[in-house]
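All chains, full assembly: derive it from the sequences and hints.
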Amino acid sequence: MTGPGKTILAALVLAGAFAAGWTAHGWRADAASARVQAMQSERDVAQAQQSQAATENKAGALLQHAHDQQDNTHDYTQKIAQLEAGRAADTARIAGLQHAVSAAATRNAQLAGDAVACRDLADQHQRLAALAGEGGAVVAGLAGLVRQRDAEIGLLAGQVRADRVLLLRD
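Under numbering that gives the first Met the number 0, read the sequence shown as residues 0 to 169, first letter to last.
Bear in mind the hints are in silico, worked out from the structure with no lab data behind them. Certain hints may be false.
The calculated label-pair distances, taken between Cβ atoms and stated as ranges, are [stated by the list, open to error]:
hint, residue 1, residue 2, range
1, Leu144, Gln48, 50 to 56 Å
2, Gln48, Ala9, 55 to 61 Å
3, Gln77, Thr54, 33 to 39 Å
4, Val164, His124, 58 to 64 Å
5, Val159, Thr54, 22 to 28 Å
6, His98, Gln147, 26 to 32 Å
7, Ala10, Ala33, 31 to 37 Å
8, His98, Gly157, 18 to 24 Å
Here a beta-carbon is modelled for each residue, glycine too, at the ideal position from N, C-alpha and C.
Quick look at the structure:
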């Protein structure tokens, strides 16, 4: 081979080597880009999993709140029924006491002229005083039940307001 042929051949070899290096560099750049994309995809998957876990936690909390609210409502309904039953029993007892007072008053009027009637009247008076004391205790108990019921209604109203605030946020 002659001088110009060797130069051309050397130039071709040099150009081929440059092209091969350029191609290898392109492959390395593509591999690095693929690694960056894979890392970004992994971060995106991790972020999506965290978001899903947060959503599941929120849903669990809301379900627990709903369950607790249902339990509270059931307990409140049961307590109101108990209070109503107690009130009805107290009303019946008061009616009995009123009847006893009326009967005692009638008997006292009939026995007023007799000395024995006076002793009976004193006994009746003692019983009537005891009944009146019991009636006063019943009335005081009813007043306490009404205050307790009012307090429970106030608490329930607060619960409803809190639930409305929670629902409006979502």
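Hint check:
| no. | hint | result |
| --- | --- | --- |
| 1 | Leu144 x Gln48: 50 to 56 Å | 54 Å, holds |
| 2 | Gln48 x Ala9: 55 to 61 Å | 58 Å, holds |
| 3 | Gln77 x Thr54: 33 to 39 Å | 35 Å, holds |
| 4 | Val164 x His124: 58 to 64 Å | 60 Å, holds |
| 5 | Val159 x Thr54: 22 to 28 Å | 26 Å, holds |
| 6 | His98 x Gln147: 26 to 32 Å | 28 Å, holds |
| 7 | Ala10 x Ala33: 31 to 37 Å | 34 Å, holds |
| 8 | His98 x Gly157: 18 to 24 Å | 42 Å, violated |
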